[in-house]
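Participant: Top line first, the protein sequences correspond to chains A and B.
First residue of the first sequence: 26, per the numbering used here; consecutive thereafter.
First residue of the second sequence: 26, per the numbering used here; consecutive thereafter.
The set of hints was computed from the structure by calculation and includes no laboratory data.
Heads up, none of these hints are tricks.
Capping the alpha-carbon separation at 35 Å, the derived lysine-lysine pairs in DSBU-like fashion look like this:
#, chain 1, residue 1, chain 2, residue 2
1, A, K60, B, K271
2, A, K72, A, K227
3, A, K295, A, K72
4, B, K92, A, K165
5, A, K58, B, K72
6, B, K165, B, K295
7, B, K126, A, K271
8, B, K60, A, K191
9, A, K131, B, K126
10, B, K58, A, K191
11, A, K89, B, K165
12, A, K165, B, K227
13, B, K60, A, K58
14, B, K58, A, K126
15, A, K165, B, K89
Cβ-Cβ distance ranges computed for the label pairs, FRET-style:
#, chain 1, residue 1, chain 2, residue 2, range
16, B, D32, A, G134, 42 to 48 Å
17, B, R124, A, N54, 28 to 34 Å
18, A, E37, B, V302, 57 to 63 Å
19, B, L196, A, N316, 56 to 62 Å
20, A, N54, B, L122, 33 to 39 Å
21, B, G282, A, N54, 28 to 34 Å
22, B, N307, A, N160, 27 to 33 Å
Stretches of chain A that chain B covers, calculated by requiring three or more beta carbons in the stretch to come under 8 Å of a beta carbon on chain B:
#, segment
23, 166 to 175
24, 184 to 190
These figures come from a predicted structure and were not determined experimentally.
Even for Gly, the Cβ is constructed at its ideal location relative to N, Cα and C.
Number of protein chains: 2
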Amino acid sequence: MKKNNLDIFMQEYIPQINDCLDEMLSSLNAETKLKDAMQYSVDAGGKRLRPLMTLAIIKANNHKITKEFIRAAACLELIHTYSLIHDDLPEMDNDDLRRGKPTNHKVFGQAMAVLAGDALLTFAFQKLSELNLSNNIKVKLITALSTAAGPEGMVNGQVGDIQGEKEKYNLDQLVKVHQGKTGALIRYACYAGAVLGEATEKQQTSLVEFGEMFGLAFQIYDDILDVIGSEEKLGKKVHKDAVEMKNTYPGILGLDGAIQHLQRLISSMKEQLAILVDEHFNIELLSEFLNYFDLEKEIK
Amino acid sequence: MKKNNLDIFMQEYIPQINDCLDEMLSSLNAETKLKDAMQYSVDAGGKRLRPLMTLAIIKANNHKITKEFIRAAACLELIHTYSLIHDDLPEMDNDDLRRGKPTNHKVFGQAMAVLAGDALLTFAFQKLSELNLSNNIKVKLITALSTAAGPEGMVNGQVGDIQGEKEKYNLDQLVKVHQGKTGALIRYACYAGAVLGEATEKQQTSLVEFGEMFGLAFQIYDDILDVIGSEEKLGKKVHKDAVEMKNTYPGILGLDGAIQHLQRLISSMKEQLAILVDEHFNIELLSEFLNYFDLEKEIK
Numbered sequence: 026m027k028k029n030n031l032d033i034f035m036q037e038y039i040p041q042i043n044d045c046l047d048e049m050l051s052s053l054n055a056e057t058k059l060k061d062a063m064q065y066s067v068d069a070g071g072k073r074l075r076p077l078m079t080l081a082i083i084k085a086n087n088h089k090i091t092k093e094f095i096r097a098a099a100c101l102e103l104i105h106t107y108s109l110i111h112d113d114l115p116e117m118d119n120d121d122l123r124r125g126k127p128t129n130h131k132v133f134g135q136a137m138a139v140l141a142g143d144a145l146l147t148f149a150f151q152k153l154s155e156l157n158l159s160n161n162i163k164v165k166l167i168t169a170l171s172t173a174a175g176p177e178g179m180v181n182g183q184v185g186d187i188q189g190e191k192e193k194y195n196l197d198q199l200v201k202v203h204q205g206k207t208g209a210l211i212r213y214a215c216y217a218g219a220v221l222g223e224a225t226e227k228q229q230t231s232l233v234e235f236g237e238m239f240g241l242a243f244q245i246y247d248d249i250l251d252v253i254g255s256e257e258k259l260g261k262k263v264h265k266d267a268v269e270m271k272n273t274y275p276g277i278l279g280l281d282g283a284i285q286h287l288q289r290l291i292s293s294m295k296e297q298l299a300i301l302v303d304e305h306f307n308i309e310l311l312s313e314f315l316n317y318f319d320l321e322k323e324i325k
Numbered sequence: 026m027k028k029n030n031l032d033i034f035m036q037e038y039i040p041q042i043n044d045c046l047d048e049m050l051s052s053l054n055a056e057t058k059l060k061d062a063m064q065y066s067v068d069a070g071g072k073r074l075r076p077l078m079t080l081a082i083i084k085a086n087n088h089k090i091t092k093e094f095i096r097a098a099a100c101l102e103l104i105h106t107y108s109l110i111h112d113d114l115p116e117m118d119n120d121d122l123r124r125g126k127p128t129n130h131k132v133f134g135q136a137m138a139v140l141a142g143d144a145l146l147t148f149a150f151q152k153l154s155e156l157n158l159s160n161n162i163k164v165k166l167i168t169a170l171s172t173a174a175g176p177e178g179m180v181n182g183q184v185g186d187i188q189g190e191k192e193k194y195n196l197d198q199l200v201k202v203h204q205g206k207t208g209a210l211i212r213y214a215c216y217a218g219a220v221l222g223e224a225t226e227k228q229q230t231s232l233v234e235f236g237e238m239f240g241l242a243f244q245i246y247d248d249i250l251d252v253i254g255s256e257e258k259l260g261k262k263v264h265k266d267a268v269e270m271k272n273t274y275p276g277i278l279g280l281d282g283a284i285q286h287l288q289r290l291i292s293s294m295k296e297q298l299a300i301l302v303d304e305h306f307n308i309e310l311l312s313e314f315l316n317y318f319d320l321e322k323e324i325k
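Build out the structure end to end from the sequences listed, making use of the hints.
Facilitator: Quick look at the structure:
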């Protein structure tokens, strides 16, 4: 089978993102136990989707992907990793398994998992502020990332998610939760790509809009897989949402309704890509990210 | 009794720091429950020691304390508050009472306490990055604050503290833990004052050194009060360290040894103040911070 551009891109940049993360963590002057706990979850085999999106946008705008850009992108993965560690905690989602491996608190204990999360979150801002980029760009990225990750973004979504355990949400409420929980960081990934790749204002608007929808689609896709996926393929428990009476898209829209909603989002993303084409943006790579939402490959 | 300069200074600036924190939190676009949990701990009546130190240093260097400087100082209080919320969690120090009031997780539940802490930590960097100061100063402060608060500072100290529950430390090990746990943020408070107050390089070195020792003294003083203080005066349980077999200065040095160690640190801080006098720095306010370590007032 012929490899597409994104596969080639991933093959080139995932190892570089991983090396960069390893370098950041090994340079850390901290207790071995803390470093181990941080490293464990950073190494737990994520898809590196968020940093890849940032880098793909930089490349699409004909900019060279420098070491500093990879570092900037890797900072986002630190934040993403912290959020997974805290989400998995017993007092939160209480997950024992993540990507087929025991979760952080299962290996290092609950106190260390809280601290490893705190450490990764803070470390992301440390490394971002130390980048060899202009202060102007660094401040832009720090403002955007903290807004995306904090009480006006991801943390707020997580609060909504937890409150939803006691309350039935309608579609608008659920969308609002996921705009924070999943959408904000993916939106930021696209924003960071736009800033580092020197996108025009118009390009940036479309890229951020694309990221926003991608984040929502990502969550809907995840919810759908929880209904129709297999534990073996996903490396985590399925049918968990139903057991826990979680607010999900299939729960509100039905399975078919959720699949249709996902397809509508994909169409809207393609519209943004069409706008980007008009703005002389090379959408080839970015459009291949939409292959992620291929339900067939996960269930067959 | 005649009021000293620091009392007058506190009377003027504590309300301004509190107003600034309230303004930051009320402007927040987030779930009410999250805002309530954040506000609860921010309002829990701290001494605002850290932001006051920053502001005192700015004033001592003959700079006007602007609204932006108060905002910058308040960001440090956000970080300090997050650290208290996470420290009090059942999996950490498991404290039910803080400053005489129920701890965050006792009021809002454990999940919300984790999230309120995460939110305050991230929000501090958001507000710092949004200050109306030069990008150069903002990046300096963000680098220093993230280094002080993260895996090379406070979080690392907290890890050491937790590991110490299973291990007896010697004095050097204990000092290293507290340089992170308590020292790093107070050191940063002095650094921020030096940066915002445009201290010379020599002044900055002495101020940071002063902050480092103040942080250690702060912890020793706290350990001593746990042995000889009264629950009523302190608003928290005493003799907790002994019950939990914690590594403390009185535990390693004996009570008299710990008091002597505290006095030696106070002498060293006075030496730094003497250097600052030679550097044309007005030490009046800063030297009054040393009155904090008056054991008499807490036990009589």
